[in-house]
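From first to last, the protein sequence lines are chains A and B. The first sequence begins at 1 in my numbering and counts up by one. The second sequence begins at 1 in my numbering and counts up by one.
Treat the hints as calculated values from the structure; they're not laboratory data. Be careful, since some hints might not be right.
Unchecked claim - List of simulated lysine-lysine pairs, DSS-like, C-alpha gap at most 30 Å:
#1 B:K190 / B:K139
#2 B:K127 / A:K164
#3 B:K127 / A:K168
#4 A:K164 / B:K139
#5 B:K139 / A:K168
#6 B:K235 / B:K190
#7 B:K127 / B:K139
Computed from a predicted model, the values in this text were never measured in an experiment.
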Amino acid sequence: MAAAAAGRPWVLRAASIAFVLGLWEWGGTVPVSIAFPKCSETLVAFGGMIADGTFAGAYAETAGPLIVGVALTGVGGVLAGLVMGLSPRTEWLGLPVFIVLQASPSAAIVPLITYIYGIGFAAKVFAVVLLSAPVIVLNSYRGIANTPRSLLEMSDAFLASRWKRIWKIVIPAGSGLIFAGLRLGLAQGFTGAVLAELLITPTGVGDLITFYRSVADYPRMFASILSIIVVASVSVTLLQRLELRLFRPEMRPA
Amino acid sequence: MTNRTSPTSEPTMSDGVRDPGGPAVRVVDLAKVFAGGVRALDGVTFDIPRGELTSIIGPSGCGKTTTLKIIAGLVDATSGLVEVDGTPVTEPGPDRAFVFQDFALMPWATVLRNAAFGLELRGVPRKEREETAREYVVKVGLAGFEDAYPHQLSGGMRQRVGLARALAVDAEILLMDEPFASVDEQIRRKFQEDLLRLLSEENKTVIFVTHSIEEAVYVSDQIVIMTRAPSQVSKVVRPGVDRSGGSDHIRRSPAYLDWVERIWAELQGYLET
Ligand SMILES: Nc1ncnc2c1ncn2[C@@H]1O[C@H](COP(=O)(O)OP(=O)(O)O)[C@@H](O)[C@H]1O
Ligand SMILES: [Mg+2]
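If we strip away everything but chain A, and leave its shape as in the complex, we get (with noise of 0.2 Å):
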């Protein structure tokens, strides 16, 4: 019985993955379009751009801009939501610069980001950060800002200092939305770093979807797309794994 049971979101989850993918493949045999594979033929593409490395030299290419720019967010976007948070003055200040952030149309952004930045490096790296950062500090200033007044009251007769009071009650308190935060900032970096990738310079994965459209190789294009699915998914879970090891034990599967 109990095996059954934790294996059920298990089986529920391979359910619902091979029923869209079986709609995938009924959708490429009508055709929709002929931009439109069958599932079966972009999975083996996506085996083959394994196989012959065009992944692993692509995603070395996006992760750079990827990895700096969320370390950036994740450290940066984490703090300011704490200083946020924690400072009345602040929130004051930051909230309303980060809500419209997060209510604009990114994509429609990131073409401006080449008049400042130019098309190198930085101006990956700067449209990862304009994606991320929003989600990042609202979330981290909601996780902060809403610690429940009876532990702060706990952490007063307890005789907590400041800091103390901070790392030990505030931040855990905060733990599980500064790192759906940063969950979601992670994904909206993914989408930074394509979208950057698309419509700045050519590199990447980005590259690949472009180049692969450009030569009428959909298959191989639609394999790319997976990949960013893939690979965001993958970060995201690890990420959420890291979350519960270090801050919310009480949650962790037995």
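The hints should help you fit chain B with the ligands onto chain A, whose structure is shown.
Showing chain B with the ligands alone in chain A's frame:
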């Protein structure tokens, strides 16, 4: 209960600041008006004798929690004075430990870490604080649950963790805000027994907020009865119920029932509109 009152065992008689003969806590003409204009307290005055258990009882919303938090230094009084060992209270201190009505446990920490948290904040080394906390976790009846998380415990068990945390810092004064409000009647009686037994070993001054008259009469050396908000002290009584005969005997004794009735009569005036 009076066996816990032993002024001669007070260890810090010589430090001059403290007057071991005087009350542990003095509350003088305390008033509290909350932002927004709620007048909770309006001239509350009482003494808490050293080494005794004093209950504060009164209609709901009369300011019991507020009074306790002012004594703890968690809330500022609008006017009036709280003295602990003759020193005015302005902030929380190591001489007072609080047991919160809503437990205030960290959901991400084990029972042991929660119980040790007061010591952790004071910088006590891990091994030492866990040893102390373990001892109190066992004393409050949670042996075997050291590594459990709060969400795995019942309300009553969580409250015991809060009690262990407060006992572990070894403060002279224990402030308890309706510690048994979240448990049903049968368990509540067992908890009262456990608390009395525990306190008889610990020699502490306890201030205990409750809304149960029976509970107050059963556990207290002294009972402070408060009026409706804006509150004052209606009466301070010392039931002095003879507790030599066991709990069932006490609860059926005429003296006990008489005190319950008298306090009920006293409070009734404030319950009506
Ligand atoms: N932080 C607060 N702000 C405004 N009003 C409050 C606050 N805390 C308590 N009160 C009000 O003060 C009164 C006394 O509250 P409390 O001390 O919690 O009463 P009790 O514990 O006796 O039920 C109530 O009317 C309550 O609504
Ligand atoms: Mg209360």
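Now the hints, each set against the structure:
1. Between the alpha carbons of K190 (chain B) and K139 (chain B) the distance comes to roughly 14 Å, so the proposed pair stays at or under 30 Å and holds.
2. At roughly 19 Å between alpha-carbon atoms, K127 (chain B) and K164 (chain A) fall within 30 Å of each other, so this suggested pair holds.
3. The suggested pairing of K127 (chain B) with K168 (chain A) holds, with an alpha-carbon distance near 18 Å, which does not exceed 30 Å.
4. A distance of roughly 28 Å separates the Cα atoms of K164 (chain A) and K139 (chain B); the hinted pair therefore holds under the 30 Å criterion.
5. Distance check on the hinted pair: K139 (chain B) and K168 (chain A) sit about 26 Å apart at the alpha-carbon level, within 30 Å; holds.
6. With a C-alpha separation of about 28 Å, the suggested pairing of K235 (chain B) with K190 (chain B) holds against the 30 Å cut-off.
7. Using a Cα cut-off of 30 Å, the hinted pair K127 (chain B) and K139 (chain B) holds, with the two alpha carbons roughly 19 Å apart.
Comparing the model with each numbered hint stated earlier shows that all of them hold.
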